[in-house]
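Asks: Okay, here's what each chain looks like letter by letter:
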Amino acid sequence: RKEVEQDPGPFNVPEGATVAFNCTYSNSASQSFFWYRQDCRKEPKLLMSVYSSGNEDGRFTAQLNRASQYISLLIRDSKLSDSATYLCVVNSPSGNNNDMRFGAGTRLTVKP
Amino acid sequence: GAVVSQHPSWVICKSGTSVKIECRSLDFQATTMFWYRQFPKQSLMLMATSNEGSKATYEQGVEKDKFLINHASLTLSTLTVTSAHPEDSSFYICSGFGTGERGYTFGSGTRLTVV
Chain A
3 RKEVEQDPGP FNVPEGATVA FNCTYSNSAS QSFFWYRQDC RKEPKLLMSV YSSGNEDGRF
63 TAQLNRASQY ISLLIRDSKL SDSATYLCVV NSPSGNNNDM RFGAGTRLTV KP
Chain B
-6 GAVVSQHPSW VICKSGTSVK IECRSLDFQA TTMFWYRQFP KQSLMLMATS NEGSKATYEQ
54 GVEKDKFLIN HASLTLSTLT VTSAHPEDSS FYICSGFGTG ERGYTFGSGT RLTVV
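Line by line, the protein sequences give chains A and B. Add 2 to a position in the first sequence, counting from 1, and you land on the number used in my numbering. Counting from 1, position 7 in the second sequence corresponds to residue 0 in my numbering; the numbering is continuous, with no gaps.
Okay, chain B solo, but in the shape it has when bound (with noise of 0.2 Å):
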């Protein structure tokens, strides 16, 4: 079936900092990727949504200018959380969608603990 790998799987970052974490469709094409953050105890919200090759579409209330997403490429997206703060802390995860996929691929999910 589909594979989307998502990396790192946990980080730990000084505030102020940057962190980049990457999904990859593995085993198709991923058209469209859309990026979650799920706080604790809480349901997954969609950040924003990225078609390989456009902008991003943003969610309302979501920093575009803190969460950068690149979809360059049909089998990778990358989402940077810029000048992290503890606040960002947060489980982010990725699902890609492909032509011919049936239903949504899942990473694994990125852990970010800004301290």
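Chain A extracted, bound-state conformation (with noise of 0.2 Å):
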């Protein structure tokens, strides 16, 4: 099993559409969660953190489920910007270290 997985996509979505992502992961010590954005042949750029509280960046929107090892990414009212390859990241323990682990990626479009 894959220490992080994701839906596979692609999604294409018209503008204005909402579009959900959904990633587990199989650490249970894992620490931290990200959402990263990848745009082609680009390096990633942090989208948001993702907290147990679930929160809020404009028209986006991350949860967070310890207990079944869930992760989400929300994107409300899609832009064609929006349009890239979502990460999801998980921070986990390794020895003295801490190292990120990413899903494969879900390629979002957004068509107009």
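Do not take every clue at face value.
When the alpha-carbon atoms are kept at most 27 Å apart in a straight line, the in silico DSSO-like pairs for lysine-lysine are as follows [what the hints assert, rightly or not]:
| id | chain 1 | residue 1 | chain 2 | residue 2 |
| --- | --- | --- | --- | --- |
| 1 | A | LYS113 | B | LYS34 |
| 2 | B | LYS7 | A | LYS44 |
| 3 | A | LYS44 | B | LYS59 |
| 4 | B | LYS7 | A | LYS47 |
| 5 | B | LYS34 | A | LYS44 |
Simulated from the structure, these hints should not be mistaken for laboratory data.
Take the two lone chains and join them into the complex the hints point to.
Replies: Here is the structure:
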């Protein structure tokens, strides 16, 4: 089983649609959770951190369910500029370090 | 915000040669640097983790003698791909983490093509 699994996608949605991505992780000791956005041939950029209480940033809402080891990202009122690959990222303890594990990513295309 | 400068952004090299990729943390001290590789249409895969002044810890299946990592200072980490082969062609990206920093800061990546 992969450490971090995401919806396979791709998601093709019209402008203005609401879209949700899901992600599950296998390491129950994982401590931090993030959603990153990666545009084609670019480095990932932090979209938002994910907290147990849930957090919202404009049109984006992230949720964490530790009991189910599940993370979600909701995008409301999709814009063309939201087209990208969304990566679920989990930070887990590893020896003396913490390391980040990435999901395979979910490709979103928002169409006019 | 925190910035990691990664160079070169792209490189083409002949098979059998070595390529060095540098990542510099510009406004923070990167106590830990992560090195990732991403093949087309795949996710980032962790190759190794390096702490300043220590030997890198490599992920299973990553050859430490082929991918040499040096993290001699808190602001510089390098990855050298030795005796590169076409199958090493990939997008290599570093990510730095420092004390007091929120989250991880990525370099802009290096696209390596071995011909």
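Asks: Going back to the hint list, which numbers does this structure go against?
Replies: 4
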